[in-house]
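Trainee: Below, each chain spelled out in residue letters.
There are 2 protein chains.
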Amino acid sequence: MVKIYSVEDAKKTILKRIPPDEVKVTEGMLARIEATFGERIMPEEAVRRIIRDIRENGDAGLALWNQKLDGFPRGVSNKVPVEDIQRSLELIPHAEREALTVAAQRIRSFYQKQPTHSWVTNDLGGTLGQFIRPHHRVGVYVPGGTAALPSSVLMSAVPAQVAGVKEIVIVSPPVRASGQDAAESPIFPYLPKIILAACAVIGITEVYAIGGAQSIGALAFGTETIPPVDKIFGPGNLFVTLAKRQVFGMVGIDGLAGPTETMIIADGNAKPAWVAADMLAQAEHDVLASAILLTPSLDLAKQVQTELEKQAATLPRKEILDQSLANQSGIVITENLEEAININNQYAPEHLCLAVDDPWSLSDKVKNAGGIFIGEQSFEMLGDYIAGPSHVMPTGGSARFASPVNVWDFVHIISLIALDKKTTQEISPLAARIARAEGLEAHARSADFRINEG
Amino acid sequence: MVKIYSVEDAKKTILKRIPPDEVKVTEGMLARIEATFGERIMPEEAVRRIIRDIRENGDAGLALWNQKLDGFPRGVSNKVPVEDIQRSLELIPHAEREALTVAAQRIRSFYQKQPTHSWVTNDLGGTLGQFIRPHHRVGVYVPGGTAALPSSVLMSAVPAQVAGVKEIVIVSPPVRASGQDAAESPIFPYLPKIILAACAVIGITEVYAIGGAQSIGALAFGTETIPPVDKIFGPGNLFVTLAKRQVFGMVGIDGLAGPTETMIIADGNAKPAWVAADMLAQAEHDVLASAILLTPSLDLAKQVQTELEKQAATLPRKEILDQSLANQSGIVITENLEEAININNQYAPEHLCLAVDDPWSLSDKVKNAGGIFIGEQSFEMLGDYIAGPSHVMPTGGSARFASPVNVWDFVHIISLIALDKKTTQEISPLAARIARAEGLEAHARSADFRINEG
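Protein chains in written order, with my numbering: chain A, 358 to 811; chain B, 358 to 811.
Everything labelled a hint here was simulated from the structure, so no lab data went into it.
As the structure is a prediction and not an experimental result, all values here were calculated from the model.
Take the hints with a grain of salt, since some may be wrong.
Identical copies go unnamed one by one, so any copy, or any two together, can satisfy a pair.
Said to hold, decoys possible - Below, simulated EDC-like cross-link-like pairs (lysine to aspartate or glutamate); rule was C-alpha separation at most 20 Å, straight line: (1) Lys667 to Asp805; (2) Lys523 to Asp721; (3) Lys675 to Glu798; (4) Lys628 to Glu666.
Bound conformation, chain A alone (with noise of 0.2 Å):
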């Protein structure tokens, strides 16, 4: 089921990157868009109305696409009661909420660790330097789905916690509970207990049932209800995405997600059956994530390939995979492990895994990846859930020029220019100079003040 390609083939198929505004929007989903808005409209325009809507009509425009969309009732608050995120702790198991502690306090405990502190000079006249805020508000959108994912609520909350804001919003689509359900639970039922647990896990206490561009919409200009944030994280589906573009510069955006992505470089001493497992979990997230070996051992291709069939036989998630696999996964075999990293650099994928003899000295060439992974005793998976750095990296080949979540995401740096009267006196004449080659006569005039009158 997965094919193993020559460098050649690969860069024309499993490698080749499709910019994002050029994926094909399927039938399935214009379908579903005829059904809800009666009409046959691109989701760019789509979106565009519901958050219209939402900035038009508030509170009484997000229940209605609330409902439309996700199901949501009518007349229920989509505001999760801060008891209940309390009380959903007691409500899983006790072994899951000692994992997602652990994990919370390995995140913490790496982002602390950044430096992402204020600092001066003297040495150019005076103080200059920079000051490091914190954002005040940041809302978090946490993907509902095929998976409920606690772990994408601490790996963007903790280091937004560690850079300091105040107001750490959750946003989550609601899941469907049948009228029973809902009267039976004992707390808010719309969404899945073990987020609500991981939120209570950090402390936090603002979350919401709500999703799609609805809620991005919701957050950017704010409701009657939810007060507007000043940023937004989190990947999700294409409409949150296109959500995330059209309010791009109205708040801050922490980069558009595209589909998952692990590259594997292995030499033949790897060990097949945990290449194929590694693969198989990148495989398994969605129809359109992917799995890419490269290596220049036909040898271990052949040994992978055969693993990934015996195991994937064995697996849940046995459709999703079967499309992952066959259609953006593949084992590329190359020249040689040099060939291996250039194309690793040129990809520039979300996760690079290094299972060869000497990753560190491999290491030293990446130039572009989300998060490296040193050696088959650091499997991307604990990148996922524990290890600490957070699992929200850049897709798509964006790691040409973005980064993974980290604590430069929630502050912003104030400039501090505090000159002494000796540099002013030093300098105003230079910079007059410049303004009136710029055509800026009342910048030089400014400057003309403080040499005549300082």
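Following the hints, complete the assembly by docking chain B onto the known chain A.
Mentor: Using the frame of chain A, we list chain B on its own:
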């Protein structure tokens, strides 16, 4: 000409933030679009068509729009010959060359002090950390229009050089040169010499006379002769800003720039003539620029008002000043300095100038601003040219979540995960537990392999 407002009135007028996408499209702009496209389409659609043309037709599309919109002659290369960049230095006054050199040195010295190093920790079992890598290739847009802005070259390109970016490309809209001027010019006649000189001072060798949405399309997607970049920087007009939003995600985008703005907080001891001069320097940029004074002193307010009138009368860009001062600028009487700071934090201006007795204690309370100018010796115009920190700062209230251009904008983080075996054994069962709670069995099994065979 400049009004004095109460806080209440100011919040309804000059302090009111209008979301960038609600800014009205003027009749003049629609008429210009109609003249070019033969149809009355919105600027967003015009930009979409231009970018599509560049993507589909590369250099030919670029040449077409460069001619149509900016009058650049067909059949002439838009790339500035490298030797002409160097020769431009001999064609500007020595004093300007010296000023640009000192400015570049100060900017470089400032950013060389910014901490952006890779780091690792061994406290979490094995080695975790962040590798910092420079982006490979970035584009800087230098606006044209009413002023030639060599300072914009320095303020974006020098931090890029400090970051270690290998390829830095400058684009700037061509100026119209008559046939005779062009023939007689000793060097490339379609860009101001002072802009080329700024490139020469810092060793930039790749410069194109292209502007508008067409230049953003070329940078984002590349043409036969211009390789695509990883990230695009620099402010521009509405077309440039719309183009940047449309390519956001395909490439990195520094942010969306709006009109420039200064907020000055002054007490009764500030010098009225200096405050007025600083406001005029801000207001002369363009008709949409804004200069707002917040002061508890009605006495100062009135003196500044008089000074503004007096000084403006003698300035060359009087028509621009009249509009920017009357429409988006003003003086606001606050209860006290505390209230002024609160207003500042809500408004989140690009520049904040503190012309007060104790600026340092006030600066501690500043949460949002692109840059803080401490005291009347550190006036805003020095920040535009020579103080050190970049003059490219967040506008339109985006200082709530965005930073001035700095070295971090030109590097990306790669998370490093190199756990030791003992730690892997400890945390793998916890990770498997979360994975199973999320319903991701293949994730859990990749951990099982390490637990069982580790």
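Trainee: It remains to establish, for every hint, whether it holds in the given structure.
Mentor: Structure-based check of each hint:
Taking the shortest alpha-carbon separations for lysine 667 and aspartate 805, only the inter-copy value of 16 Å comes in at or below 20 Å, while the best intra-copy value is 79 Å. In the homo-oligomer, the alpha carbons of lysine 523 and aspartate 721 lie at most 20 Å apart only across protomers (17 Å), although the nearest pairing inside one protomer, at 37 Å, exceeds that limit. Proximity of lysine 675 to glutamate 798 under the C-alpha cut-off of 20 Å is restricted to the inter-copy arrangement: shortest distance 11 Å between copies versus 70 Å within a copy. Within a single copy, lysine 628 and glutamate 666 get their C-alpha atoms as close as 15 Å, which meets the 20 Å cut-off; across copies the closest is 79 Å, which misses it.
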